[in-house]
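Enquirer: Heads up: the sequence lines are chains A and B, in that order. Just so we're aligned, residue 1 is where the first sequence starts under my numbering, counting upward by one. Just so we're aligned, residue 1 is where the second sequence starts under my numbering, counting upward by one.
Note that these hints are calculated values from the structure, not bench results. Fair warning: this is a prediction, and the values are worked out from it, not measured in the lab. Beta carbons: idealized from backbone N, C-alpha and C, even for Gly. All clues given are correct.
Non-contacting residues of chain B with respect to chain A, defined by C-beta distances greater than 10 Å in every case (computed):
#, residue
1, A15
2, A18
3, T35
Not the full set, but computed from the structure, chain A residues with beta-carbon under 10 Å of chain B:
#, residue
4, E7
5, A30
6, R44
7, A48
8, D50
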Amino acid sequence: MNHPHEEQLLLLAYDELPAADAAGLEAHLATCAVCRDDLARLERARVALDWAAPQPRRSARWIVAALAAAAAVAAILLTGRPSSDEPPSGWFEQRPWSATAGYIAGGQPLIAIDAQLTRLEQERSYARP
Amino acid sequence: MPPLLRNVAPDQLLAEHAPALRNFLGARCRDADLTAELMQELAARLVTAAPRLYANGNARGYLFRIATSVWHDHLRRDLVRRRGALVLARDERAARPPAADERLLARELHEAVRRAVAGLPQAQREVVDLRHRAGLKFREIAERLGRPLGTVLTQMRAALTAIGAAVEDYR
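Next comes chain A alone, as it looks inside the complex (with noise of 0.2 Å):
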């Protein structure tokens, strides 16, 4: 029986073989215990990643990505130099998540930056003539 190559069984775990040749991986994995172990193995870890760094929706990723800069903007601001709370280097840290704040870069979250900025606001209207 000839295996496919191991790269066409992680491609298929990814869905990024093509459909014909998936068709054909597909009839071969019917028959062939060996290769559905190892694609079973390839699609539990695929899956534990998966789920240990959710991956941002694409037609959301504009949004996440503006928050975090607008974060990031609003972080050096109000501190004069880019915030000391820097994103995990760690890999897949769970970032805590707010229904009320929203996505939260570096840590900080957004309405904490929201109230700071309205304190800020509030001094320089006070500290006006």
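Take the given structure of chain A and dock chain B to it, following the hints.
Expert: Same frame as chain A, now just chain B:
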């Protein structure tokens, strides 16, 4: 935007592709009862998803995406169950009362994956990052990193083997 598939009932669509979907799921789980269970879940999701079905000439592809999602959800539940079995065995050995609930197990699993990823060689970690966090295709990753596609795939496979070993640890 393509027009909605208003005239195609979900059960009709499912009936048309059921044999192929059953083969797809059956080839992965090799369990007739589980395959039937997953097919039921797929049917339930299809009913929910029906309003989003588009006549883009690839209803079959859409169905298989749902099937893949159903299968991945099953794998995810399976990972947590296995974690539960490990923790239970560990607690029994230590004569402790079993304390792990599903949420805790999920968190421990998350942590195990995170540690495994952190321990990968940098070249592999870059590939995992671009695939799982940036959502790039392997071909795009190869272009971005200036590596041959085959190298990227080999690195990803090695990374998955390491992650898999960390995940399988708690069997």
